[in-house]
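Engineer: Work the whole structure out from these sequences, hints included.
Spelled out, the chains give:
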Amino acid sequence: QVKLQQSGAELVKPGASVKLSCKTSGYTFSTSYMSWFKQIPGQSIEWIGMIYAGDGGTDYNQKFKGKATLTVDTSSSTAYMDLSSLTTEDSAVYFCANSRYWGQGVMVTVSS
Amino acid sequence: DIVLTQAPLSVSVTPGESASISCRSSKSLLSSKGITSLYWYLQKPGKSPQLLIYRMSNLASGVPDRFSGSGSETDFTLKISKVETEDVGVYYCAQFLEYPWTFGGGTKLELK
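As given, the protein sequences belong to chains A and B, one line each in that order.
First residue of the first sequence: 1, per the working numbering; consecutive thereafter.
First residue of the second sequence: 1001, per the working numbering; consecutive thereafter.
Read the hints as simulated data drawn from the structure, not as lab findings.
There's no promise every hint is true.
Said to hold, decoys possible - Derived coverage of chain A by chain B (criterion: at least 3 residues anywhere in the stretch with Cβ under 8 Å from a Cβ of chain B; other residues may be distant):
#1 45 to 52
#2 55 to 62
#3 102 to 112
Unchecked claim - Derived CB-CB ranges, DEER-like:
#4 B:Ser-1072 <-> A:Lys-13: 44 to 54 Å
#5 B:Glu-1098 <-> A:Gly-26: 26 to 36 Å
#6 B:Ser-1026 <-> A:Gln-43: 14 to 24 Å
#7 B:Ala-1060 <-> A:Ser-111: 34 to 44 Å
#8 A:Asp-59 <-> B:Thr-1014: 35 to 45 Å
#9 A:Gly-54 <-> B:Ser-1057: 26 to 36 Å
#10 B:Arg-1066 <-> A:Gly-56: 37 to 47 Å
#11 A:Tyr-33 <-> B:Thr-1014: 39 to 49 Å
#12 A:Ser-76 <-> B:Ser-1032: 34 to 44 Å
#13 B:Glu-1017 <-> A:Thr-74: 47 to 57 Å
Since the structure is predicted, the reported quantities are computational estimates derived from the model, not experimental observations.
Note that beta-carbon positions come from the ideal geometry of N, C-alpha and C, so glycine has one too.
Structural biologist: This is the structure we're talking about:
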């Protein structure tokens, strides 16, 4: 069955960066798209961007350009999202999702 | 950006009764290919969103046929007939017609 397994919760200091992972199985990752989303608890969902695993091509929500960088490793069927220059406004749950399934989400807390 | 406005903010339903949720788009979601790119998700408490309806009226695999979607180019409805306890959570509409992809504010379904 299709699985998207995300890395564990992160506690990071303001100004730091963090790299989130999304390891997939059960489908052909190398020719698929992966999107990332942000959700502050109790609020709605924002789309961050999408990457095509076939060639690494990306599309970003303008709001997250410079904040998020999406990459993939097709050898391990894993997608990554780097979040840089973190502030308290980046504290949220981040999800990866293909066209049908979502990861379980990872809580990122930015605090000194 | 395309704005999706959901109503009501919350709905309280007796098990076995029906519920309807509205989603209004600030722009037509009908593509040049004749596809209406409106999706419905349910996010159960503490879980990641799960796809219910894709392209306005198509039931995702594994989703009970108690769920149905309908609409026009800008006004959409999710109907849940014979609500069950497992239907509790927050329902979101989303548009994947143009970047940035956007979500509605959510409708919380509770049981009476």
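Engineer: If a hint holds in the structure, say so; if it does not, say that too.
Structural biologist: Hint-by-hint comparison with the structure:
1. 45 to 52: Three-residue rule met by the stretch 45 to 52 of chain A, so holds; n is 3.
2. 55 to 62: holds (count 3)
3. 102 to 112: holds (count 4)
4. B:Ser-1072 <-> A:Lys-13: 44 to 54 Å: holds (49 Å)
5. B:Glu-1098 <-> A:Gly-26: 26 to 36 Å: Holds, at about 30 Å.
6. B:Ser-1026 <-> A:Gln-43: 14 to 24 Å: Hint holds: Cβ distance 19 Å, inside 14 to 24 Å.
7. B:Ala-1060 <-> A:Ser-111: 34 to 44 Å: holds (37 Å)
8. A:Asp-59 <-> B:Thr-1014: 35 to 45 Å: holds (44 Å)
9. A:Gly-54 <-> B:Ser-1057: 26 to 36 Å: holds (30 Å)
10. B:Arg-1066 <-> A:Gly-56: 37 to 47 Å: holds (41 Å)
11. A:Tyr-33 <-> B:Thr-1014: 39 to 49 Å: Since the Cβ atoms of Tyr-33 (chain A) and Thr-1014 (chain B) sit about 40 Å apart, the hinted range of 39 to 49 Å holds.
12. A:Ser-76 <-> B:Ser-1032: 34 to 44 Å: Given range 34 to 44 Å: holds, Cβ gap about 38 Å.
13. B:Glu-1017 <-> A:Thr-74: 47 to 57 Å: About 48 Å separates the Cβ atoms of Glu-1017 (chain B) and Thr-74 (chain A), which means 47 to 57 Å holds.
When each numbered hint is compared with the structure, no violation occurs for any of them.
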